[in-house]
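Undergrad: One letter stands for each residue in the lines below.
Number of protein chains: 2
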Amino acid sequence: MEDPFRTIEWKGDHIRLLDQTLLPGREEYVAIRNVDQMCDAIQRLVVRGAPAIGVAAAMGIALGALNASETNREAFNSEFDEVCSRIAATRPTAVNLFWAVNRMRKLSQARADIDLTQLKQLLIREAVAMEKEDRALCERIGAMGKDLIEDGDTVLTHCNAGGLATAGYGTALGVIRAAFEAGKRISVVSDETRPLNQGARITSWELMKLGIPVTLIPDNTAGALMQRGRIQKVIVGADRIAADGDAANKIGTYSVAVLAKYHGIPFYVAAPLSTIDMSIPSGDGIPIEERDPKEVTHISGVRIAPDGVDALNIAFDVTPHKLIAGIVTEWGVASDPFEETFAKYFLRKSEETAS
Amino acid sequence: MEDPFRTIEWKGDHIRLLDQTLLPGREEYVAIRNVDQMCDAIQRLVVRGAPAIGVAAAMGIALGALNASETNREAFNSEFDEVCSRIAATRPTAVNLFWAVNRMRKLSQARADIDLTQLKQLLIREAVAMEKEDRALCERIGAMGKDLIEDGDTVLTHCNAGGLATAGYGTALGVIRAAFEAGKRISVVSDETRPLNQGARITSWELMKLGIPVTLIPDNTAGALMQRGRIQKVIVGADRIAADGDAANKIGTYSVAVLAKYHGIPFYVAAPLSTIDMSIPSGDGIPIEERDPKEVTHISGVRIAPDGVDALNIAFDVTPHKLIAGIVTEWGVASDPFEETFAKYFLRKSEETAS
Numbered sequence: 001m002e003d004p005f006r007t008i009e010w011k012g013d014h015i016r017l018l019d020q021t022l023l024p025g026r027e028e029y030v031a032i033r034n035v036d037q038m039c040d041a042i043q044r045l046v047v048r049g050a051p052a053i054g055v056a057a058a059m060g061i062a063l064g065a066l067n068a069s070e071t072n073r074e075a076f077n078s079e080f081d082e083v084c085s086r087i088a089a090t091r092p093t094a095v096n097l098f099w100a101v102n103r104m105r106k107l108s109q110a111r112a113d114i115d116l117t118q119l120k121q122l123l124i125r126e127a128v129a130m131e132k133e134d135r136a137l138c139e140r141i142g143a144m145g146k147d148l149i150e151d152g153d154t155v156l157t158h159c160n161a162g163g164l165a166t167a168g169y170g171t172a173l174g175v176i177r178a179a180f181e182a183g184k185r186i187s188v189v190s191d192e193t194r195p196l197n198q199g200a201r202i203t204s205w206e207l208m209k210l211g212i213p214v215t216l217i218p219d220n221t222a223g224a225l226m227q228r229g230r231i232q233k234v235i236v237g238a239d240r241i242a243a244d245g246d247a248a249n250k251i252g253t254y255s256v257a258v259l260a261k262y263h264g265i266p267f268y269v270a271a272p273l274s275t276i277d278m279s280i281p282s283g284d285g286i287p288i289e290e291r292d293p294k295e296v297t298h299i300s301g302v303r304i305a306p307d308g309v310d311a312l313n314i315a316f317d318v319t320p321h322k323l324i325a326g327i328v329t330e331w332g333v334a335s336d337p338f339e340e341t342f343a344k345y346f347l348r349k350s351e352e353t354a355s
Numbered sequence: 001m002e003d004p005f006r007t008i009e010w011k012g013d014h015i016r017l018l019d020q021t022l023l024p025g026r027e028e029y030v031a032i033r034n035v036d037q038m039c040d041a042i043q044r045l046v047v048r049g050a051p052a053i054g055v056a057a058a059m060g061i062a063l064g065a066l067n068a069s070e071t072n073r074e075a076f077n078s079e080f081d082e083v084c085s086r087i088a089a090t091r092p093t094a095v096n097l098f099w100a101v102n103r104m105r106k107l108s109q110a111r112a113d114i115d116l117t118q119l120k121q122l123l124i125r126e127a128v129a130m131e132k133e134d135r136a137l138c139e140r141i142g143a144m145g146k147d148l149i150e151d152g153d154t155v156l157t158h159c160n161a162g163g164l165a166t167a168g169y170g171t172a173l174g175v176i177r178a179a180f181e182a183g184k185r186i187s188v189v190s191d192e193t194r195p196l197n198q199g200a201r202i203t204s205w206e207l208m209k210l211g212i213p214v215t216l217i218p219d220n221t222a223g224a225l226m227q228r229g230r231i232q233k234v235i236v237g238a239d240r241i242a243a244d245g246d247a248a249n250k251i252g253t254y255s256v257a258v259l260a261k262y263h264g265i266p267f268y269v270a271a272p273l274s275t276i277d278m279s280i281p282s283g284d285g286i287p288i289e290e291r292d293p294k295e296v297t298h299i300s301g302v303r304i305a306p307d308g309v310d311a312l313n314i315a316f317d318v319t320p321h322k323l324i325a326g327i328v329t330e331w332g333v334a335s336d337p338f339e340e341t342f343a344k345y346f347l348r349k350s351e352e353t354a355s
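Line order of the protein sequences matches chains U and B. 1 is the number of the first residue of the first sequence in the numbering used here; add one for each residue after it. 1 is the number of the first residue of the second sequence in the numbering used here; add one for each residue after it.
Where hints are given, some of them may not hold.
[Stated by the list, open to error] From chain B, some residues computed to sit far from chain U (all C-beta separations above 12 Å): (1) 3; (2) 68; (3) 69; (4) 71; (5) 107; (6) 135; (7) 143; (8) 230; (9) 320; (10) 352.
[What the hints assert, rightly or not] The list that follows gives simulated cross-link-like pairs (lysine-lysine, DSS-like), each with its CA atoms no further than 30 Å apart: (11) 322(B) x 322(U); (12) 322(U) x 261(B); (13) 209(B) x 184(B); (14) 322(U) x 261(U); (15) 294(U) x 322(B).
Think of the hints as simulated: they come from the structure by calculation, not from any bench. A quick note: this is a predicted structure, and the numbers were derived from the prediction, not measured. C-beta atoms are modelled at their ideal positions from N, C-alpha and C, and glycine is treated no differently.
Given the sequences, and given the hints that come with them, work out the whole structure.
TA: Printed below as a string of structure tokens:
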């Protein structure tokens, strides 16, 4: 099946992003022409979803390198470092952002041997390669995970871990899509995902484009549907996974995981290895972004709460690994003890890269 | 503390309702001048909350009697019956509606001895008395429940079971208010309560008016706050409670109850005896309203989901009594086995009425 949209694309002298803040009302693309614009796009969630943020970061850095004003290598290095730092400071939770920044930074550091023109082309090629890799990784995640979903299942998902959260195909939605493309008759229940309604605005839109049956519910309806036996599986994405398998994802994911546990419904996470942060032993160490309370008190610019009310806008929560039946990666489906399995996957990956 | 607003009031030839669909943006009162207008107001949630719906039903019936065109008793009886049936058909879940209709119907049936003018005055007095009773019951519920809340507690509530859901003071918020008025330093976390945001629009507004500290959260944030140890108690209202203590309340209540159980947080329900339906043995028998999916796909008239998406708008869910630490009534705090305790309370009530 063709992808029905393109999340992010390198266009020679700019980056083309599908503006996700306008979905589903308008399907508009924006041209990102400098690092400031990319930082703003990441912060305003024009592009969102951990893997897509990683690709956007890499492309933003490539663009910064391309546009660099400095012409001697030392001055360029310091300008480049500043670009990397600015991109890295846009959002705190998704580890793919830091993974992508580090990959670009290391590449630049490793190639003191080539001239600046060559280096800039190399950085652009790397960023473009990361977009292609991400698309391919998602297909592998889909293939690894599709047998977790059975014919006739209704699968609940929270937020958007689809093609729009990645360079294409998606992680959690990639697994759902792979099961659907394998001919399984499945349907999806999409939590609307307050406060920014990614489930209502983006996941529903994406699934409708793919022809996969979807029903939208308020976040607070998931428990009642589980109680009625209407949900067979839960699968979500992740923004950062600690070494022990604790997974940070969009606020509300933890509640869904507890509800799934209570009802004996398997709860899965799907994410590429680039989302796993082996430097953090457990979920306690994952930094959690808090955003403007106005996102809670207003919807699409319309005020829905009293003037001056205190509101909390915690953007992510952490699901302890004990609630997770499996983490679907491009190398297989990890289960408890996660740390050992992750180590095995990272080893396989480094062997593949080396070969 | 004075009530900062008046939910419903009999005004001689009409009924004055605070239009809750306009809160918190506008505090406007509407005049209800006939049964059609009252049916519409109940269905559109101009007035909502089980106890307030009961009072609105009684007053709507009194208004229907007052405006009756028939002048002989037999014809009046049949016109009156039709008014009662129309009011009873407005919403299915809140049992207070049927309780109030039956009370008015029985009163009319019992007084074949008086003339129509006297009967109409009697029906009006009954409806007005029910409003006063409801206010007094809520204060008794507050007094019975206030010791469940300890100094320093943060209490989570879902939807609105406040003065606006009753003739005044509130049930769940009545307990919170009584604890606050007793000098306990408490704060409230208010779930926004999608799709109609009663928590964001009404509970927050009401608590701010009362000077009780309140923090608004999306429904999906409750679990994360419990995980962080920031919630000590949960208290909600109910729309219908079965004989075994299973309680129907606003969609999302069940999820909160499961989360509270998982975190060892006591979960309480507050409601008058008129919300307990001893004719229904367990929650399975409670009829659950489904409302227009447009309430999910639109917020304040703004579309937030793709055109044509399927959406579910289940208005209530049922929390099994095993998840409920106590049900606060005007006669005391019932706990498992609920049926025995309820029977005792109903006996006390009938003794009080008889004496």
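Undergrad: Now look at each hint and say whether the structure bears it out.
TA: Evaluated hints:
no.: 1; hint: 3; result: holds, 17 Å
no.: 2; hint: 68; result: holds, 41 Å
no.: 3; hint: 69; result: holds, 43 Å
no.: 4; hint: 71; result: holds, 49 Å
no.: 5; hint: 107; result: holds, 37 Å
no.: 6; hint: 135; result: holds, 24 Å
no.: 7; hint: 143; result: holds, 28 Å
no.: 8; hint: 230; result: violated, 10 Å
no.: 9; hint: 320; result: violated, 9 Å
no.: 10; hint: 352; result: holds, 37 Å
no.: 11; hint: 322(B) x 322(U); result: holds, 24 Å
no.: 12; hint: 322(U) x 261(B); result: holds, 17 Å
no.: 13; hint: 209(B) x 184(B); result: holds, 18 Å
no.: 14; hint: 322(U) x 261(U); result: holds, 9 Å
no.: 15; hint: 294(U) x 322(B); result: violated, 37 Å
Hint violations for this structure: numbers 8, 9 and 15, all remaining hints satisfied.
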